[in-house]
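Residue numbers (the UniProt record's numbering), protein chains in the order written: chain A, 1 to 197; chain B, 1 to 197.
One should not assume that every hint holds.
All copies of an identical chain are treated as equivalent in the list; a pair is satisfied when it fits inside any one copy or across any two copies.
Stated by the list, open to error - Cut-off 25 angstroms, straight-line C-alpha distance, at most; resulting in silico cross-link-like pairs (SDA-like, lysine to any residue): (1) Lys126 to Leu136; (2) Lys126 to His140; (3) Lys19 to Met167; (4) Lys137 to Glu192.
Treat the hints as calculated values from the structure; they're not laboratory data. All values reported here derive from a predicted model rather than from experimental measurement.
Number of protein chains: 2
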Amino acid sequence: MIWIVGSGTCRGQTTERAKEIIERAEVIYGSRRALELAGVVDDSRARILRSFKGDEIRRIMEEGREREVAVISTGDPMVAGLGRVLREIAEDVEIKIEPAISSVQVALARLKVDLSEVAVVDCHAKDFDAELTELLKYRHLLILADSHFPLERLGKRRVVLLENLCMEGERIREGNADSIELESDYTIIFVEREVME
Amino acid sequence: MIWIVGSGTCRGQTTERAKEIIERAEVIYGSRRALELAGVVDDSRARILRSFKGDEIRRIMEEGREREVAVISTGDPMVAGLGRVLREIAEDVEIKIEPAISSVQVALARLKVDLSEVAVVDCHAKDFDAELTELLKYRHLLILADSHFPLERLGKRRVVLLENLCMEGERIREGNADSIELESDYTIIFVEREVME
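Isolated chain A (complex conformation) (with noise of 0.2 angstroms):
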């Protein structure tokens, strides 16, 4: 049996469901980031996971197979998180996943803006894709990015761009596409809405 468990974006954002569901795991595992936000990084039962591949995934799996394992995911499992990947790799081994506040949410508190409003693009060492300008007819934008996505290609649309969110050197600051530039690999680009004439 596999949990995903998210450990939320700032600190304080780990549900009692999520520390109980941790407590009763016989191992943990997760990034360090991961580990700190949920308060076991010191715990003997973690491991910190450097990477996030098939075979790391593949072992973790088989791993579930025979014992209770807590895989624990900064942000929520499901936004642009590990339950994406598990669900590509996943065999015959029980998942279960369980939500928490991811850096979407935080963005669109600090936005006053809905869920309902955005279409959420995860573009995380990912190449810029014509689905943006495209799905900017029906919503704004929270495009999920690091440092080397070429915000340029956007043009010279006003972008709010909301970094390192309940990390050192958190950061929301205003300006054009096309003469801003990204400096954290924790960047959350906010693009209004076209209306259409």
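We have chain A; now place chain B onto it with these hints.
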């Protein structure tokens, strides 16, 4: 000062951060369900809100100028929630928002679908919107609906209905939109993206 605090969707999903904010408040507003989820329905500071209409909200705004007010919103305040209502009314009082786990995230965890693969559509007490079928070119849809939503207008499409998540009578059903019937006012409808030829 007004804090809009999410209670989460299921029991045990209120975060420590939310509890601390509620603890500091001089007065606490919310629907009965929101106050119950946050564990403060019997607190002497708690007042049950029966409506989220203009007059009631304006009175709370007024109060927020003098006192520390917490308004508890079921789920996340920025997911078809109170946050947007307040944004539209807000005058010269400081409003802060504390996110929480929404029914959308509970649905994504059950479906094992990522937020970046869907568009969330708020159709509570709203009519069918032609935009829905447009969005299906780009994303799966997660439609927040009540039992009056005209599901048949989605035609023969396969849908998954997630009803009463984390409430009494929770149920997940599948069927074709033109033949399955909505039975709950707390339904999330999942419609798969249309892959273009």
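Going through the hints against the structure:
1. Both within a single protomer and between protomers do Lys126 and Leu136 lie at most 25 angstroms apart by alpha-carbon distance, with minima of 19 angstroms and 22 angstroms respectively.
2. Both within a single protomer and between protomers do Lys126 and His140 lie at most 25 angstroms apart by alpha-carbon distance, with minima of 20 angstroms and 20 angstroms respectively.
3. Taking the shortest alpha-carbon separations for Lys19 and Met167, both the intra-copy value of 21 angstroms and the inter-copy value of 21 angstroms come in at or below 25 angstroms.
4. For the identical chains of this complex, Lys137 and Glu192 are neighbours both inside a copy (10 angstroms) and across copies (20 angstroms), given an alpha-carbon limit of 25 angstroms.
Hint check: no violations occur; every hint is consistent with the structure.
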